[in-house]
Every structure is written in C-alpha cells, then in structure tokens.
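All chains should be built: construct the whole structure from the sequences, respecting the hints.
2 protein chains.
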Amino acid sequence: MKIDLQKVLPADIEKRSFEIITEELGERNIPEELAPIVKRVIHTSADFDYYDNMKFSEGVVHKISKALRNGACIVTDTQMAKSGINKRFLETLGGEVFCFISDEDVAKAAKENGTTRATAAMDKAARLDRPVIFAIGNAPTALVRIYELFSEGKLKPEAVIGVPVGFVNVVESKNLILSSDMPHIVAAGRKGGSNVAAAICNAILYMMRDGKL
Amino acid sequence: MKIDLQKVLPADIEKRSFEIITEELGERNIPEELAPIVKRVIHTSADFDYYDNMKFSEGVVHKISKALRNGACIVTDTQMAKSGINKRFLETLGGEVFCFISDEDVAKAAKENGTTRATAAMDKAARLDRPVIFAIGNAPTALVRIYELFSEGKLKPEAVIGVPVGFVNVVESKNLILSSDMPHIVAAGRKGGSNVAAAICNAILYMMRDGKL
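Heads up: the protein sequence lines correspond to chains C and P, in order. Just so we're aligned, residue 1 is where the first sequence starts under our numbering, counting upward by one. Just so we're aligned, residue 1001 is where the second sequence starts under our numbering, counting upward by one.
Don't take each hint at face value.
Said to hold, decoys possible - When the alpha-carbon atoms are kept at most 30 Å apart in a straight line, the in silico DSS-like pairs for lysine-lysine are as follows:
#  : chain 1 : residue 1 : chain 2 : residue 2
1  : P       : K1111     : C       : K7
2  : P       : K1055     : C       : K7
3  : C       : K66       : C       : K39
4  : C       : K55       : P       : K1007
5  : P       : K1111     : C       : K212
6  : P       : K1111     : C       : K87
7  : P       : K1007     : C       : K111
8  : P       : K1055     : C       : K39
9  : P       : K1108     : C       : K15
10 : C       : K55       : C       : K87
11 : P       : K1087     : C       : K87
Read the hints as simulated data drawn from the structure, not as lab findings.
Listed below in structure tokens is the structure:
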C-alpha cells in the first residue's frame, strides 16, 4: 500500500488540527477565553459533542489562572490524568500535580470507612495546606466527596474540573458540582475522562504560557 | 441540594456500568471474545460510536493473549497509555509496559532525523529483543513507522492496537494498519486515544486473569 499522507510538518500537526476543528465548528460560537479549552477537548477526543456538553461557571478560567499564578496545585483522581498534564509550565509557577489514589494511607482509610479510594483521596486532598484545583476525570465519588466537604465548610477549592466518564452516578455527581457555588468546568452528561481532564488543564496552562491569560 | 445517587456499592459500579452498556447495545451483536473489549472501550469513553468503529483482524485477541503468556511486552506511544494499563496481572506473566517517547536518545534521534519523537520511539522499540505488542493511542506517525518497519522486514509485532485520535493523518495511518498483514485492533476513523488504547489492553488482561482467554 502506498503511504499517502498529508504533507504536514510534525510541528504543524497540532496547528492544522485546530484549524480543522475551527472549520468544522463553523458558525457555532464560543467565547474567546473558552474556545481554546473546548477545542483542545475536541482535539483530544475527536468528539464534537463537547461543544454542547461543556459548562463553565462565570469567570472560572481567570479564577484558575490566578490561582495557578498564586501557587495552587492540581489534584487529580487518576494517575492517567496526572500523567497527561504538562508540568513544564506549571513548575515554573511553583505548581505541581498530586494524585493520592494509589497511596497506602488512602487505601487503608477507604477500607476502614467502606468508601471508594477516590473518596479517601479527596479527604487527603482536603488536608493540603495550599490552594487546590481539582481535575476529576474518572470517579463520580470524588466529585460527591468534594461537594460534601465544601458543603461542610471543610474544603474550599479554587475550582473543580469535573469531567468523570461513565454510566453510574456520573451525571448526578456532575449536577452536584453544577448546582454548587464552587467555580467549575463540567462536561455535562456521561462523557469525559482522564484525557479530557488533562486536556482542560493543559489548555489553560498553554494560554497562560502564551500570554493569553 | 440533596445528594440523590443510585445505591450501588463501589465494587459493583463497574458491573452495573457494563449491564447498562449491554442493555443499551440492545440487539447489536458482538462476537463473544470481542464483546468485553468493545464494552470496556465504551465504558471508558461513554461513546457508543466504538461499536461501529472497532475493527479486529482474524483471531487477534487469541494472538495477543498467547503472546502475553509467552512474555511479550507492551509498547505505548504516550505515558498516559502506559499509566492507564493495569500492570498487576501483566507482571505475573513476566510482562511489562514500555514508553520511550520521553527518552533522551529518542529526542536526540528525532531531532537528527527530522522526525517526530513517536517515530524515533518506534525505531527504539524495533530494537527490543523480545516479542512486542504495540498500543498506540496518540501518534499517527507511530503507526506509519510501525508499518514501514514491518514492510522493510525490520519489525514483526505480535499485534498492533492502533487507536490514535485526531484530525491530521490519523485516518490514513489507521488504514495502513488495516490494510496490512499485522494482527491488529483498530478504531477506524478519527476517534481513539490513550485511554482507549489502555482500555483495550486492560480488557484483554482481565479476560486472561479471569480464565476467559
């Protein structure tokens, strides 16, 4: 078989991909500071449903960039999301990414309390002595626990990126975050994932790096 | 807001999710040894398009399980895919997962040859002295390089899981694999991702662990 590829330099592939996404979005309009986020999520999933799904609370993107400049860390619910976040620019801000899901003390607490490890991981995150942005791409129980801790006054996240994927309690857990006063970015419905959570973080970090935020 | 969730024990969430997926697939039929793979990909993406997208070469699932039992390793093109693969059962087989994309020698070779790092990472994988299963969720250039090396007789993978996502050369790169004699699992079209690559590996590993393969 002849290898018949579009002649695009490696460095230009991402640029060309975003051009195609913009072309195919056509008349569909996205506010300027949100467009790079929605487009990066479509880029990471090839799924235009995210144009409709993604919900942003008022001013959330600026709140996240401000928090990151003030040294906020990012807490994920999976190693995959952690591994997908580009740490290079984040580290120049003094930020870092934590994922507690595989920690021994988290496994022990989950077992003792009969909860998921994701729930116990959020309890551990609530004990961090620094501002936190959550990026949740997998576990609805993580979102539920964040909501509970916030409601009880035990946690005040800078923002919650709530994009778990799935079929059981996923929609309900996202509705909790959508209904709350926490600054949030949520992919409504069943869709999302660790890759989507990482893509949202990266979109914001790249805007900051490129002086657009 | 009242927290109104389905009462499902954490351990039963995955089981219940697969029941919902099976219900919603309805009359759509999937061969028995492929169903756990297709369903796990839908589980990881909440996207039923994968029912239509996923293409399997003849006997590929048994070829992969046999190769894994014979000590094959898995090579991914991203740290995310590597991080998403469940290593617990794989390690009992003497297997492991490699991702060379961040290696210094790969970066150097890519720069010298004017290729992507994914291309250089596949060259490095071709020098492994053991059977290899590729799990490619991101870089079309990785698939193209695997195809070239195979065509030149320099690489004979046990199987290629080819599910990059995107808009530039993704469809073309998957068509190369689909047209080849390499055993393969491909998500045709633009969709895929590191999470999908990991889900396919995990589905096969879980079937083996549970004595179904």
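Comparing the hints with the structure gives:
no., hint, verdict
1, P:K1111 - C:K7, "holds, 18 Å"
2, P:K1055 - C:K7, "holds, 27 Å"
3, C:K66 - C:K39, "holds, 22 Å"
4, C:K55 - P:K1007, "holds, 27 Å"
5, P:K1111 - C:K212, "holds, 29 Å"
6, P:K1111 - C:K87, "holds, 22 Å"
7, P:K1007 - C:K111, "holds, 18 Å"
8, P:K1055 - C:K39, "holds, 27 Å"
9, P:K1108 - C:K15, "holds, 23 Å"
10, C:K55 - C:K87, "holds, 25 Å"
11, P:K1087 - C:K87, "holds, 24 Å"
Hint violations for this structure: none, all hints satisfied.
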